[in-house]
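In case you want the letters, here they are:
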Amino acid sequence: MTSCLRRLAVSAFLCTTALGADDADSAIRFSFASVPFTLENSESSNRYAPETMPGGVAMFDYDNDGDLDLFFANGAELPNAQKMSEIYFNRLLRNDGKANFTDVTVRARLAGDGYDFGVAVGDYDNDGDPDLFVAGLHRNTLYRNDGNGGFDDLTSEAGLSSNDPDYGPLWSVAGAWFDYDGDGLLDLFVVNYLSWRAGADPVCDGMGARDYCHPKHYRGTPNSLYRNNGDGTFEDVSASAGLRAHVGKGMGAAVADFDQDGLNDVFVTNDKLPNFLLRNDGKGSFEEIGFEATVALPEHGRDVSGMGVDARDIDNDGLPDIVYAALPNETFPLMRNSADGYFEDIGYASGLASQTRRMAGYSAVIADFDNDGWKDIFFSRGDVQAHSVQPGLAVDQHNTVFENLRNGKFAERTAEARFEQAPPKRHRGAAVGDLNGDGRLDLVVTALGSKAELWLNQSEAGRHWLQFDLEGVRSNRDGIGAVVAVTVGGEQQTNHATTSVGYASSSAGPVHFGLHEAETVDSVEIRWPSGQVQRLENVVADQVVKVREPDAR
Amino acid sequence: MSSLIGGRMGRRAVHGSRFANTRALFLRALAIGLLLGSVMLAAAEAESDPLAAAGALIAQGSVQQAVQTLRGYLQQQPDSADAHRLLGIALALAPQRSAALEALERAVELAPDDPRNHLVFGQTLARFGESARAREEFQATVKLDPSSGPAHEGLAFAAALDGALDLAVRHFSSAIEHAAATDRARLHFLRGRAYRQQERLAAAVSDFEKSVDLDPNLGPAYLEWGRILTESPEPDRADAVLAKAVELLPDDFEARLLLGSQRLRRGHAASAVEHLRVAVQLKPGDRAAGYALGRALRAAGRTEEARTHLESLAHANAGRAVSDADINEAGRLNNQGLELEKRAAYAEALEKYRAAVVLAPQEVGFRRNAALALCRLNRWQEAKVELREVLRIAPGDVDAVKALYVALERAPDDQ
Chain A
1 MTSCLRRLAV SAFLCTTALG ADDADSAIRF SFASVPFTLE NSESSNRYAP ETMPGGVAMF
61 DYDNDGDLDL FFANGAELPN AQKMSEIYFN RLLRNDGKAN FTDVTVRARL AGDGYDFGVA
121 VGDYDNDGDP DLFVAGLHRN TLYRNDGNGG FDDLTSEAGL SSNDPDYGPL WSVAGAWFDY
181 DGDGLLDLFV VNYLSWRAGA DPVCDGMGAR DYCHPKHYRG TPNSLYRNNG DGTFEDVSAS
241 AGLRAHVGKG MGAAVADFDQ DGLNDVFVTN DKLPNFLLRN DGKGSFEEIG FEATVALPEH
301 GRDVSGMGVD ARDIDNDGLP DIVYAALPNE TFPLMRNSAD GYFEDIGYAS GLASQTRRMA
361 GYSAVIADFD NDGWKDIFFS RGDVQAHSVQ PGLAVDQHNT VFENLRNGKF AERTAEARFE
421 QAPPKRHRGA AVGDLNGDGR LDLVVTALGS KAELWLNQSE AGRHWLQFDL EGVRSNRDGI
481 GAVVAVTVGG EQQTNHATTS VGYASSSAGP VHFGLHEAET VDSVEIRWPS GQVQRLENVV
541 ADQVVKVREP DAR
Chain B
1 MSSLIGGRMG RRAVHGSRFA NTRALFLRAL AIGLLLGSVM LAAAEAESDP LAAAGALIAQ
61 GSVQQAVQTL RGYLQQQPDS ADAHRLLGIA LALAPQRSAA LEALERAVEL APDDPRNHLV
121 FGQTLARFGE SARAREEFQA TVKLDPSSGP AHEGLAFAAA LDGALDLAVR HFSSAIEHAA
181 ATDRARLHFL RGRAYRQQER LAAAVSDFEK SVDLDPNLGP AYLEWGRILT ESPEPDRADA
241 VLAKAVELLP DDFEARLLLG SQRLRRGHAA SAVEHLRVAV QLKPGDRAAG YALGRALRAA
301 GRTEEARTHL ESLAHANAGR AVSDADINEA GRLNNQGLEL EKRAAYAEAL EKYRAAVVLA
361 PQEVGFRRNA ALALCRLNRW QEAKVELREV LRIAPGDVDA VKALYVALER APDDQ
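Chains A and B supply the protein sequences, listed in that same order.
The first sequence begins at 1 in the working numbering and counts up one residue at a time.
The second sequence begins at 1 in the working numbering and counts up one residue at a time.
A couple of the hints might just be wrong.
To be verified - Pulled a few chain A residues facing chain B out of the computed Cβ check, cut under 10 Å:
1) 77
2) 78
3) 245
4) 246
5) 273
6) 288
7) 291
8) 292
9) 301
10) 302
11) 331
12) 345
13) 348
14) 354
Said to hold, decoys possible - One-sided and incomplete, this derived list gives chain B residues near chain A with beta-carbon spacing under 8 Å:
15) 199
16) 200
17) 261
18) 277
19) 285
20) 287
21) 288
22) 292
23) 307
24) 317
25) 328
26) 331
27) 332
28) 335
To be verified - The calculated lysine to aspartate or glutamate pairs, modelled on DMTMM-like cross-linking and capped at a C-alpha distance of 25 Å, are:
29) A:451 x A:67
30) A:283 x B:311
31) B:143 x B:166
32) B:342 x A:61
33) A:409 x B:199
34) A:409 x B:311
35) A:546 x A:257
Hints are computed from structural coordinates only; laboratory data are not their basis.
Model, not experiment: these values are computed from the prediction.
Where a beta carbon is used, it is the ideal one built from N, C-alpha and C, also for glycine.
Okay, chain A solo, but in the shape it has when bound (with noise of 0.2 Å):
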């Protein structure tokens, strides 16, 4: 018996070896560049909770010109949670087309107040212009894109208001718009992280040195849903769909028909406690089901640090998969949407729990970024702690992206995608999308109290893209939910319309399809929030196509 079974390990561990390190046709390659923006956060010996937990950036045109322009939001001086100084101001930055930036907070009036962690973008007033909210400390903030290059602070006059009767004020660290309930407007679900106030925070130890706390010692707090009126006001109905009786420690949204009956849910990563799977029962209301669809836990049935969430068809199924980030020696749960209303922990399978069980994350992106025509996985990388708490484990990391070896595994590419030309950090919030129009997906990182990073796509030139830009008419005007179905010599890819991507971030670029040699795309389908299916055919690859939902009722 030991003999065989010694074969056996030796056999294992060549085979891990393998898939870390193969790197011959990795394709998948970024530049490094700085962004005129500084995370502050506030990092004091003090250890306050939201210090570690900034920031968000959203990729979105805010200005209709046709590239992604970049939003971050900023921390502020702690614990009044003020921004007393221009370097706490959240940060608007226009994009020249090829990936420079200037910066327009000023004129934006976008500078903020608070102590802010996420932002979620939205046309909530299908005027045809990314409105904002942004999510912070006991405050969060909606702005209405005038269409003029201003956004206006209507939060008072929406009535979004961060005091809970029950849990007091709260602290959200991200949003998601989608329409829950087909009226075509968007509404706005909010995450809502944990229960703090300046100076309450216990004081815990950190391998002998002052060092945050473990999320257990602090109460939890429901998650949000705020209904869209069309007037310009929401309508807080948490309660009235089922949001309240689940108390959690959010940290991520992620927003997909996971079971496909035509509706959206979310899925919902919590810190140190069950995720939630709230399943959409088109009458207004959310069923937890986390449980029950096995995706409330990693396939060891232990609580992990959830932190940013992504999700997206990983293996060409057609189903919406699901991946977060967490903390090191819990490893990154990937989560295989089985069709039967079950997810399926693939963490090992694909190799990804192996190469992850030292890595500590908190964006996970979803996205094809070699467009060979299966999606990648990129996460922001570093850890909550200030300090190391286990020998040989960094607090500071470099991002990493994980390639879709397309056999069900994925290999890590840290050195080969050259994420290794900046110096590793405490990343946090991270967008996706087109800055340069080159058809290579691009990506922004924030890292806590340094510049923020661009990392431009350099990944083998030649291979083939499409990306659609909607227009819902029925539905949302940014067609937020749509599902898109390429067909390409009867090879099917499935993506989803959806801003509500990573830890604290949106990514409102075109939705993005990787086509490798292919130049033409044989068919294309696309599923409407409002139920219409709209077809296209022949469509040639290497652009952005414009598609507005037909008006037929």
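Place chain B on chain A using the hints.
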């Protein structure tokens, strides 16, 4: 005593960052391993006249008789280092901490060049949680006798406790080199665990293989080996190793859980259900086992049973985020207790710690602080109860070990 309680332990102020201390396993093994070492050494001593009788009594477990014999002998031979050493061993097993350490210190004074004296002193110090002083004695032993396997083992544990895993591995290697054949399987197992902590998985696997080659009934080695294999890219290969672990350790929760989970991954749902059911029986309420069983039931096509089972798990988890508020409040009370201790207001501090324990009974830090406050108040019987509970929750808690032995000395258990 006063320096022990008022010193380093008194500043154990904080109560848990995000990550658990993974060194507890080593501490637990240290306590058990060195206790056995002391007994075996005592047995070996029994073979040398004139202290053979005392050594035999120790080996038989007749510790009090051995103490009487040795004290009688020392009245006539007060400078016998061997007698002091044996007396120290017997007293350590009694356990009478201070007297044991005093006897062993005397043995070292009388015969500082005898490595046995340093070794036993080091082992006893380690047993009582005095790891820094123990390390010094092990180092002295190795200086005098570089081939002392037990001293290298002690140094390996000390290094592991400090997180110096490279050094731990080196000392385990030396211990293996110089160990008796009967100890090698255990030492390979321990070194394998150190390798595993270092993420040197191939080296760990090699050690676990050697340990089961040397002792085919060493179930924990199969378990640790299988645990590593479950994380390999071809996890089904772990199956045979874990099956052997279950065969040797049929009532081990971890072995059942790992094998059941492995069978589930391989698509053998019915077999997975079988092992996971045993795991759930062995540790009712364990969520990981319950979750795995729910997934296995679903995979086995027992959909309704799976749904019911998973729903009950969801129900059991509901409200946890709210109850975490209790931990927050407990932390606040604990911090107040610490401030009171700084002003030597131990009774008031104890009240705060106890209130914290009521709110968060599984948080070992609050309970430890309550126990230490009891020690400072000389309320030894109560302290023992709290310290034993601390060690039940966290078997490797060094400060609790140290304090418990002090408490036992001040208020011995009724025998």
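To see whether the hints hold, each was checked on the structure:
1. 77: 24 Å, violated
2. 78: 18 Å, violated
3. 245: Check passed: Cβ of residue 245 of chain A comes within 8 Å of chain B, closer than 10 Å.
4. 246: 8 Å, holds
5. 273: Holds, because the Cβ-Cβ distance from residue 273 of chain A to chain B comes to roughly 6 Å (cut-off 10 Å).
6. 288: 8 Å, holds
7. 291: 4 Å, holds
8. 292: 5 Å, holds
9. 301: Cβ of residue 301 of chain A sits 3 Å from chain B, so the hint holds.
10. 302: Check passed: Cβ of residue 302 of chain A comes within 6 Å of chain B, closer than 10 Å.
11. 331: 9 Å, holds
12. 345: 9 Å, holds
13. 348: It holds, given that the least Cβ distance between residue 348 of chain A and chain B is near 6 Å, below 10 Å.
14. 354: For residue 354 of chain A, the interface hint holds, since the closest Cβ of chain B sits about 5 Å away, which is under 10 Å.
15. 199: Because about 7 Å separates residue 199 of chain B from the closest Cβ in chain A, which is inside the 8 Å limit, the hint holds.
16. 200: 11 Å, violated
17. 261: At 7 Å from the nearest chain A Cβ, residue 261 of chain B passes the 8 Å test, so the hint holds.
18. 277: 15 Å, violated
19. 285: 12 Å, violated
20. 287: Hint holds; residue 287 of chain B Cβ to chain A Cβ min 6 Å, cut 8 Å.
21. 288: Because about 3 Å separates residue 288 of chain B from the closest Cβ in chain A, which is inside the 8 Å limit, the hint holds.
22. 292: 6 Å, holds
23. 307: Since chain A brings a Cβ to about 6 Å from residue 307 of chain B, closer than 8 Å, the hint holds.
24. 317: 6 Å, holds
25. 328: 5 Å, holds
26. 331: Holds - the Cβ of residue 331 of chain B comes within 8 Å of chain A, reaching about 3 Å at its closest.
27. 332: Because about 7 Å separates residue 332 of chain B from the closest Cβ in chain A, which is inside the 8 Å limit, the hint holds.
28. 335: Holds, about 6 Å.
29. A:451 x A:67: 22 Å, holds
30. A:283 x B:311: 22 Å, holds
31. B:143 x B:166: The hint holds at about 20 Å.
32. B:342 x A:61: 58 Å, violated
33. A:409 x B:199: 22 Å, holds
34. A:409 x B:311: 32 Å, violated
35. A:546 x A:257: At roughly 23 Å apart (the allowed maximum being 25 Å), residue 257 of chain A and residue 546 of chain A satisfy the hint.
In terms of the numbered hints stated before, the structure departs from hints 1, 2, 16, 18, 19, 32 and 34, listed from lowest to highest.
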